[in-house]
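Using the sequences plus the hints, can you model the full thing?
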Amino acid sequence: GAVVSQHPSRVICKSGTSVKIECRSLDFQATTMFWYRQFPKQSLMLMATSNEGSKATYEQGVEKDKFLINHASLTLSTLTVTSAHPEDSSFYICSARTSGAEGYGYTFGSGTRLTVV
Amino acid sequence: RKEVEQDPGPFNVPEGATVAFNCTYSNSASQSFFWYRQDCRKEPKLLMSVYSSGNEDGRFTAQLNRASQYISLLIRDSKLSDSATYLCVVNKGGSYIPTFGRGTSLIVHP
Numbered sequence: 001g002a003v004v005s006q007h008p009s010r011v012i013c014k015s016g017t018s019v020k021i022e023c024r025s026l027d028f029q030a031t032t033m034f035w036y037r038q039f040p041k042q043s044l045m046l047m048a049t050s051n052e053g054s055k056a057t058y059e060q061g062v063e064k065d066k067f068l069i070n071h072a073s074l075t076l077s078t079l080t081v082t083s084a085h086p087e088d089s090s091f092y093i094c095s096a097r098t099s100g101a102e103g104y105g106y107t108f109g110s111g112t113r114l115t116v117v
Numbered sequence: 001r002k003e004v005e006q007d008p009g010p011f012n013v014p015e016g017a018t019v020a021f022n023c024t025y026s027n028s029a030s031q032s033f034f035w036y037r038q039d040c041r042k043e044p045k046l047l048m049s050v051y052s053s054g055n056e057d058g059r060f061t062a063q064l065n066r067a068s069q070y071i072s073l074l075i076r077d078s079k080l081s082d083s084a085t086y087l088c089v090v091n092k093g094g095s096y097i098p099t100f101g102r103g104t105s106l107i108v109h110p
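Sequences listed follow chains A and B, in order. Quick note, the first sequence lines up with residues 1 to 117 if you use the working numbering. Quick note, the second sequence lines up with residues 1 to 110 if you use the working numbering.
Bear in mind the hints are in silico, worked out from the structure with no lab data behind them.
Ranges between beta-carbon positions, derived for each pair:
{"no.": "1", "chain 1": "B", "residue 1": "Asn55", "chain 2": "A", "residue 2": "Gly1", "range": "10 to 20 Å"}
{"no.": "2", "chain 1": "B", "residue 1": "Tyr70", "chain 2": "A", "residue 2": "Thr31", "range": "26 to 36 Å"}
{"no.": "3", "chain 1": "B", "residue 1": "Gly58", "chain 2": "A", "residue 2": "Tyr104", "range": "20 to 30 Å"}
{"no.": "4", "chain 1": "B", "residue 1": "Gly16", "chain 2": "A", "residue 2": "Asp65", "range": "45 to 55 Å"}
{"no.": "5", "chain 1": "A", "residue 1": "Leu74", "chain 2": "B", "residue 2": "Ser95", "range": "17 to 27 Å"}
{"no.": "6", "chain 1": "B", "residue 1": "Gly16", "chain 2": "A", "residue 2": "Leu68", "range": "46 to 56 Å"}
Over 12 Å on every C-beta distance to chain B, these chain A residues come out as not near it, computed from the model:
{"no.": "7", "residue": "Ser15"}
{"no.": "8", "residue": "Asp65"}
{"no.": "9", "residue": "Lys66"}
In silico DSS-like pairs for lysine-lysine, Cα to Cα no more than 30 Å straight-line:
{"no.": "10", "chain 1": "A", "residue 1": "Lys20", "chain 2": "A", "residue 2": "Lys66"}
{"no.": "11", "chain 1": "A", "residue 1": "Lys20", "chain 2": "A", "residue 2": "Lys55"}
{"no.": "12", "chain 1": "A", "residue 1": "Lys64", "chain 2": "B", "residue 2": "Lys42"}
{"no.": "13", "chain 1": "A", "residue 1": "Lys64", "chain 2": "A", "residue 2": "Lys20"}
{"no.": "14", "chain 1": "B", "residue 1": "Lys42", "chain 2": "A", "residue 2": "Lys14"}
{"no.": "15", "chain 1": "B", "residue 1": "Lys92", "chain 2": "A", "residue 2": "Lys41"}
{"no.": "16", "chain 1": "B", "residue 1": "Lys42", "chain 2": "A", "residue 2": "Lys66"}
{"no.": "17", "chain 1": "A", "residue 1": "Lys64", "chain 2": "B", "residue 2": "Lys92"}
{"no.": "18", "chain 1": "B", "residue 1": "Lys2", "chain 2": "A", "residue 2": "Lys41"}
{"no.": "19", "chain 1": "A", "residue 1": "Lys20", "chain 2": "A", "residue 2": "Lys41"}
{"no.": "20", "chain 1": "A", "residue 1": "Lys41", "chain 2": "B", "residue 2": "Lys45"}
{"no.": "21", "chain 1": "B", "residue 1": "Lys2", "chain 2": "A", "residue 2": "Lys64"}
{"no.": "22", "chain 1": "A", "residue 1": "Lys55", "chain 2": "A", "residue 2": "Lys14"}
{"no.": "23", "chain 1": "B", "residue 1": "Lys42", "chain 2": "B", "residue 2": "Lys79"}
{"no.": "24", "chain 1": "A", "residue 1": "Lys20", "chain 2": "B", "residue 2": "Lys42"}
{"no.": "25", "chain 1": "B", "residue 1": "Lys42", "chain 2": "A", "residue 2": "Lys41"}
{"no.": "26", "chain 1": "A", "residue 1": "Lys66", "chain 2": "B", "residue 2": "Lys92"}
{"no.": "27", "chain 1": "B", "residue 1": "Lys45", "chain 2": "A", "residue 2": "Lys55"}
{"no.": "28", "chain 1": "A", "residue 1": "Lys55", "chain 2": "A", "residue 2": "Lys66"}
{"no.": "29", "chain 1": "B", "residue 1": "Lys92", "chain 2": "B", "residue 2": "Lys42"}
{"no.": "30", "chain 1": "B", "residue 1": "Lys92", "chain 2": "A", "residue 2": "Lys20"}
{"no.": "31", "chain 1": "B", "residue 1": "Lys2", "chain 2": "A", "residue 2": "Lys66"}
{"no.": "32", "chain 1": "B", "residue 1": "Lys2", "chain 2": "B", "residue 2": "Lys45"}
{"no.": "33", "chain 1": "B", "residue 1": "Lys45", "chain 2": "A", "residue 2": "Lys66"}
{"no.": "34", "chain 1": "B", "residue 1": "Lys45", "chain 2": "B", "residue 2": "Lys79"}
{"no.": "35", "chain 1": "A", "residue 1": "Lys64", "chain 2": "B", "residue 2": "Lys45"}
{"no.": "36", "chain 1": "B", "residue 1": "Lys42", "chain 2": "A", "residue 2": "Lys55"}
{"no.": "37", "chain 1": "A", "residue 1": "Lys55", "chain 2": "B", "residue 2": "Lys2"}
{"no.": "38", "chain 1": "B", "residue 1": "Lys92", "chain 2": "A", "residue 2": "Lys55"}
{"no.": "39", "chain 1": "B", "residue 1": "Lys79", "chain 2": "A", "residue 2": "Lys41"}
{"no.": "40", "chain 1": "A", "residue 1": "Lys20", "chain 2": "B", "residue 2": "Lys45"}
The structure presented is a predicted model; accordingly, all values stated were derived computationally and were not measured. Where is the CB? At the ideal position from N, CA and C, for every residue including glycine.
Take a look at the structure:
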């Protein structure tokens with residue numbers, strides 16, 4: 001089945017630095033990738049929808065200058081958390097829409113646990 | 001009203017029990033519905049799509065009630081390995097953008 005590879009799985013960074021998270025679709029082309037953030041015991045909150053070759057669409061309340069999304073190819077989307085602060089510590093996860101014989105669904109990357117110290 | 005609402009639980013049931021979760025959604029134009037399973041500190045994985053006529057996959061049965069705008073998941077003969085958080089996913093009406101409920105926690109004990 002469709003696989004989305006997400007790296008890194010875990011990162012600890014100092015406050016003020018930037019962190020880049022990559023998501024690659026391994027055996028299919030992902031024209032659309034969704035980026036989520038999940039705090040402990042909370043639901044996945046959609047941050048933005050990235051479309052290959054165009055600007056990402058951000059959800060209300062998500063700072064586009066802080067969370068930079070690039071979807072330069074059909075197999076790679078990146079999320080860069082710029083000038084990270086402790087409140088940005090969270091579980092970040094990407095998802096691509098996939099389609100098959102039974103319709104479509106969503107395949108998730110394995111997530112990135114970001115800790116900002 | 002939240003777009004997708006679920007009872008967070010936890011639902012604490014013995015092995016072999018039957019348990020059901022509901023999920024309500026606010027956008028009547030939503031067309032696609034899914035149940036995902038998320039284990040602790042892991043990514044969500046598709047459990048099953050929910051079709052208009054209802055569908056079954058082994059011990060799992062999903063139903064859609066458009067009139068009342070909810071979907072349900074029934075798990076029969078619960079196993080210890082069913083312990084997880086079950087996420088309801090509903091697409092924003094007219095789009096492929098998925099919206100997640102906060103999840104319902106299930107704990108199956110011996």
